[in-house]
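> Fit chain B to the given chain A structure using the hints.
Taken in order, these protein sequences are the chains called A and B. One point on numbering: in this note's numbering, the residue at position 235 of the first sequence is 235, and numbering is uninterrupted. Counting from 1 along the second sequence, just add 522 to a position and that's the residue number in this note's numbering.
Be careful, since some hints might not be right.
In silico lysine-lysine, BS3-like type, Cα no more than 30 Å apart, as pairs [unchecked claim]:
| hint | chain 1 | residue 1 | chain 2 | residue 2 |
| --- | --- | --- | --- | --- |
| 1 | A | K317 | B | K726 |
| 2 | B | K557 | B | K726 |
| 3 | B | K1157 | A | K457 |
| 4 | A | K457 | B | K721 |
| 5 | A | K471 | B | K557 |
| 6 | A | K119 | A | K471 |
| 7 | B | K721 | A | K449 |
| 8 | A | K119 | A | K317 |
| 9 | B | K721 | A | K471 |
| 10 | A | K317 | A | K457 |
| 11 | B | K979 | B | K1157 |
| 12 | B | K979 | A | K317 |
| 13 | A | K449 | B | K726 |
| 14 | B | K557 | B | K721 |
| 15 | A | K457 | A | K471 |
| 16 | A | K471 | A | K449 |
| 17 | B | K557 | A | K449 |
| 18 | A | K317 | A | K471 |
| 19 | A | K457 | B | K726 |
| 20 | A | K317 | A | K449 |
Among the chain B residues that face chain A by a calculated CB cut under 8 Å, a handful are [said to hold, decoys possible]:
| hint | residue |
| --- | --- |
| 21 | P579 |
| 22 | V706 |
| 23 | Y725 |
| 24 | F732 |
| 25 | L744 |
| 26 | A1201 |
| 27 | N1202 |
| 28 | S1206 |
| 29 | Y1256 |
Since the hints were made in silico from the structure, they are not lab data. C-beta: ideal position from N, C-alpha, C; glycine also.
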Amino acid sequence: MEATGLSLVTVVLFLPLIGFAIMLFMNERTQAGAIRWTALGFSVLTFLLSLGLWALYNPDDPGLQLVQRINWLPDYGISYYVGVDGLSLLLVILTTFIMPVAILASFRSHIFEERGREKLYYLFMMLLEWAMIGVFVVQDLVIFYVFWEVTLVPMYFLIGIWGAEQRIYAAVKFFLYTMAGSILMLLAILYVGINAGTFALPEIIAAIQTGALSFPFDGLFSTQGLLFLGFLIAFAIKVPIWPLHSWLPDAHVQAPTAGSIILAGVLLKMGTYGIVRFCLPLFPEASVAWAPTIATLGVIGIIYGAWVSYAQRDMKKLVAYSSVSHLGFVVVGIFALNAAGIEGGILQMVNHGVSTGGLFLIVGMLYERRHTKAMEAFGGVWKALPLFGAVSLVIVLSSMGLPGLNSFVGEFTILMGTLGSNILGFVFALFATLGVILAAVYMLYFYQKVYMGELDKEEIRNLEPLHWSEKAALVPVLIAIFLIGLQPAPFFRSMDASVDALVRHVDESVPEVVVGNLQMPE
Amino acid sequence: MNFIDFTDPNVMPWLIPVGPLLAFFIITLVTNRSKLIPATSPEYGGHHPDYDGMLVPVVNDWGRVASILVGLAGILVAWIISLNVVGQALATPHFGEQVFASSIVWLDTGLTAFRMGVLVDPLTTIMLIMVPLACTMIFIYSIGYMAHDPRQARFFSLISLFAGAMLTLVVADNLLLLFVGWEVMGLCSYMLIGFWFEKESAYKAAIKAFMTTRVADVVMLLGIVYLYSLTGTLSFREIVYNEAVLAELAATPALLIGGLSAASLIGIFLIVGTIGKSAQFPLHVWLPDAMEGPTPVSAMIHAAAMVSAGIYAIIRMFPLFAAGADPSHGVLTPPLVMMALVGAFTALFAATMAVAQYDVKRVLAYSTISQLGFMMAALGIGAYVAAAFHLITHAFFKALLFMASGSVIHGMEHGEHHVHEHAHAHDHAGEDEHGESHAHASHFDPQDMRNMGGLRKTMPVTFWTFLIGGLSLAGLPLVTAGFWSKDEILAEAFYGGFTRNYLGAHAIVFIALVLAATLTAFYTMRQLGLTFWGEARTEEARHASLGRGIVSVTMTLPLIVLAVFAVAAGYVGVPSDFPIFGAIFSPEHNPFHHFLGPTLLEPPGTHSFNWIPVLFGSAAALGGIALGWYMYWRKPLQAGEPDPLVNILSPAVFQTLHNRYYIDELYGRVFIRPAQWFANRVASEFIDRGVIDGILHLIGRVFTWIGDLLKVLNQWLIDGFGDGVAELIEAFGYWFRRLQTGQVQQYILLATVAAILIGLIFAVSTGILQAAGG
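Bound conformation, chain A alone (with noise of 0.2 Å):
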């Protein structure tokens, strides 16, 4: 699968870059608007050629395709390696969808008035697609690392200069909690590439199935699972798994409304997929080992966030919180270690991002016309602007899992592979479901207090009609949400052989713990 020529995996990760290189000679005071369309027309552009990697990728085939290798410090066996699964394609496409959307719900925000600096602004948002579809098509190690921090970057500054009030330390901690994680990643990643002789992730994974090298394992703090955990901290502060969550809410209620999109988006799937693309082929059997208590923490997550959304009286709050529920979700389906459950965990993480950024979509959209996210300042809006009220009402739907909408696949999923998990099983199915019933409260609440009861505000009476950039923005929203939840067959199809070639890995490699196998719906 070695190819030479230019792999159209490469041409998506670095087009974000070259639109970054053209902005960087734009004027901001006179071509304002030429930037602004520059950044939609790169990431629409990009979003338009990952489309053309799912066209290309042949889903019988369970390895990497569109493979670009570069050596780079050949002597340290380090190497610019890219390439797309069935494990990262979904969320390479997620990444290039969720980017348009976000610049669009940029197009009109109030943030530049106050701020200024637009220019810069669209400079970050190409920085961060760049990086963030290198996490996810990048095969080296090292370079992964380097990816990985990089998006923390753009992100950083979104926050801090764009942010609400309290910008500086949702800033501050996004970036120290997830930095802080991430150390401890880097010294895995160095002890796992000088022992393989290199950090080519595919390389590693096949050493590992031919015996070549092993991690010594025999308990949970033993090499293979400290490790793991050096990997698996670092994934789960970005998830966030509970009990790490909390730079989550600060991130998200501080961020602008595209950097929320993007954070619930995109940010936090690297965390559930660099525990699908690392932890779980690089040290099987500590994987297996961790399970139960990592899929613990995940159902406290579900349940958790779910009732900490519900007591909140702030919206994007609210929604962030929900994110830590949803995502607890993916983190037990993932470790649920079968394929229902990891194909699930991972249409999951494109649901969650789809829907989730769709919140934070309308969320934004509210705001900007009120200034302020706190609930009591709504209601009736479903009278004053009823589309908007009425797609507000489908995009909270499908994120309580509405059968025909797209969550409702993943949940179901999710719940098949928990329950035929030898892992986990019954308990863990049974809370996650309480999930599904608590999501369904914060949700309606949600909707509640702001779309439903008397337009007795005067400011909601006079809320201004959406602008066409902000329908622009919903529409993908609206039919990724219909698309996934009427027609999931594609989607599943394309990452069905990675992910059992996985499973078969994970199970060959822990002969006494045999993982159940359960397939997807028959």
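Okay, now just chain B, sitting in the frame of chain A:
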């Protein structure tokens, strides 16, 4: 090119839900166009004080007409196709062994494929007779009922979706598709109960309905997932009509709970779903509040769709509940016992609450809960056919009763408006008021039966149809549909409980249902008496009428049609050995039983006619009717007079019944408020902001302290050492500098002292050396 042949009865069922679903999309996307008018315009109907000077959206005239036409067309198409399918099914000999089914691959993952499809077997056929008919009537009725609502187009779009979801559920060939329809209906009920979302009571009721059913639905989902993980399929044909699978499920021990088979546990999960959807105790609380929606919605929820879906799902999955047991020989499984007890209790419990209601719609709401309890109980004792029969007859007379009560309310509002106009000599152009105006009607409640009386004079059609529906509900012997279906349930319960002496669940069901049937007849007569009999107790009631014109026609025509069915539908299920009637209507066999039976692998047997349950059933109905007549018809309630029942029951008991045994309050105290308290105080403030963030901040602070400490140490030790050396030298320099005073005498003195000292040291040291040497 191979076209799909939609005339094939195997394929045709796909088209049944398409009409209403398409109507939903067309209305939502195309015909739901609104214009902005001032809120004070009479067209808005509201003249809401808060909206002064504000423009509000009102569906425009073109959208109004188009939405009605599209919605009606959608349901009519569904009805026609259903009739076609039903006709072909009835014409098929041994239908049941042979069914109409087709499916497509929905989720193909290479190795396996999840198929979605449609299935028409006798049970589906029966539902396809009832659902589209009832829905069509409800649609026609809605034309008049919603004629002046500013959001009329939205109403038609949602109710089309509702009908579409119900039809999807009915034709689904697997549990997942059934669940999709199930949940979409839940959503529709949420949006339609909260249709007048400005009203606090409406949106609260909507959320209550959605949440309560959602809790149950999620448990049901768990059951579905569990079933799937064990069998690898959710198709009805592959599970419930496959003895091998059922036997295996019955033999598999359940997870966690000892002594229970997997089939039982799955059964219990699915039953919980039905308990929510069909409003059985303890999840019945949402249904009475669901009255907040427009009346056609109540009819939809209570008769044609939502609650019937719960029972339908149980009937559909019945073999699963019975797996490993033999209900026709008195051997029940835990889920069956659970159903029998829940159903019997609910039937009686809800009937007692219905007795003490004043709201004309609420009486019906509790009666729905009670009647669904009849069906649950019937299923619990294995009376599969009887439950299905009662489901159908109940749907007809309950749809009728709801729409008739809607007419009553409409008429009362009309009367109220009339009185209002005359009292204030105002000249309002609007004839009828809805929605927003409800909230502003302030003291006068057009739904309170105490304000009515004598309506038979001004609303004769409504009266007669209401009477027919009511008597059918009461089970007036021999002439009403309700009698025949209720009788069948009682007969089954009696047969099991007393003829065959299974006692236990059967006997409990029989006794509870006979009592409930008595109460049913009583509260129905009470309702009819209070509403229609006697003299008008208020000025509004005196002027109550449906008026003339299209509104009145569309609101009475469905009543008449349904009234026919509320009587006639019973004659398809007359036991063939029932004296006289059996010979007339069922000369060979009980047609309903004969048709539905083959739905199961092993058609349920019939047993010989027995007078005792018939007499008990008739006595219950007649006794209740007589008591109701005695209390409310013989001497009708006068204006200002309290309900005689209050004194008979004592006010405390009456209040308890009226307030639904305070269960809602109890739930509020036990579940909702503690959950809110926990969410706010414990989870959010204490754990999240307090502990977790606290620890984080503590870590932050510790690092700051360490930093400060290092800073101090740095100053003292490291800087102290580096600077100290320099300072020491400097200090020495300062001190040493004092020696250089510039005075020669001092220098000489110092030099002299130094010389002496040096000489002395020299002398001493050499002396010592010498001494040492010597």
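> Hint by hint, say whether it matches the structure.
Results for each hint:
no.: 1; hint: A/K317 <-> B/K726; in the structure: holds, 23 Å
no.: 2; hint: B/K557 <-> B/K726; in the structure: holds, 28 Å
no.: 3; hint: B/K1157 <-> A/K457; in the structure: violated, 51 Å
no.: 4; hint: A/K457 <-> B/K721; in the structure: holds, 15 Å
no.: 5; hint: A/K471 <-> B/K557; in the structure: holds, 20 Å
no.: 6; hint: A/K119 <-> A/K471; in the structure: holds, 23 Å
no.: 7; hint: B/K721 <-> A/K449; in the structure: holds, 12 Å
no.: 8; hint: A/K119 <-> A/K317; in the structure: holds, 28 Å
no.: 9; hint: B/K721 <-> A/K471; in the structure: holds, 29 Å
no.: 10; hint: A/K317 <-> A/K457; in the structure: holds, 23 Å
no.: 11; hint: B/K979 <-> B/K1157; in the structure: holds, 17 Å
no.: 12; hint: B/K979 <-> A/K317; in the structure: violated, 59 Å
no.: 13; hint: A/K449 <-> B/K726; in the structure: holds, 11 Å
no.: 14; hint: B/K557 <-> B/K721; in the structure: holds, 22 Å
no.: 15; hint: A/K457 <-> A/K471; in the structure: holds, 24 Å
no.: 16; hint: A/K471 <-> A/K449; in the structure: holds, 23 Å
no.: 17; hint: B/K557 <-> A/K449; in the structure: holds, 26 Å
no.: 18; hint: A/K317 <-> A/K471; in the structure: holds, 24 Å
no.: 19; hint: A/K457 <-> B/K726; in the structure: holds, 20 Å
no.: 20; hint: A/K317 <-> A/K449; in the structure: holds, 15 Å
no.: 21; hint: P579; in the structure: holds, 6 Å
no.: 22; hint: V706; in the structure: holds, 6 Å
no.: 23; hint: Y725; in the structure: holds, 4 Å
no.: 24; hint: F732; in the structure: holds, 6 Å
no.: 25; hint: L744; in the structure: holds, 5 Å
no.: 26; hint: A1201; in the structure: holds, 4 Å
no.: 27; hint: N1202; in the structure: holds, 4 Å
no.: 28; hint: S1206; in the structure: holds, 4 Å
no.: 29; hint: Y1256; in the structure: violated, 48 Å
Of the numbered hints stated above, those contradicted by the structure are hints 3, 12, 29, listed in ascending order.
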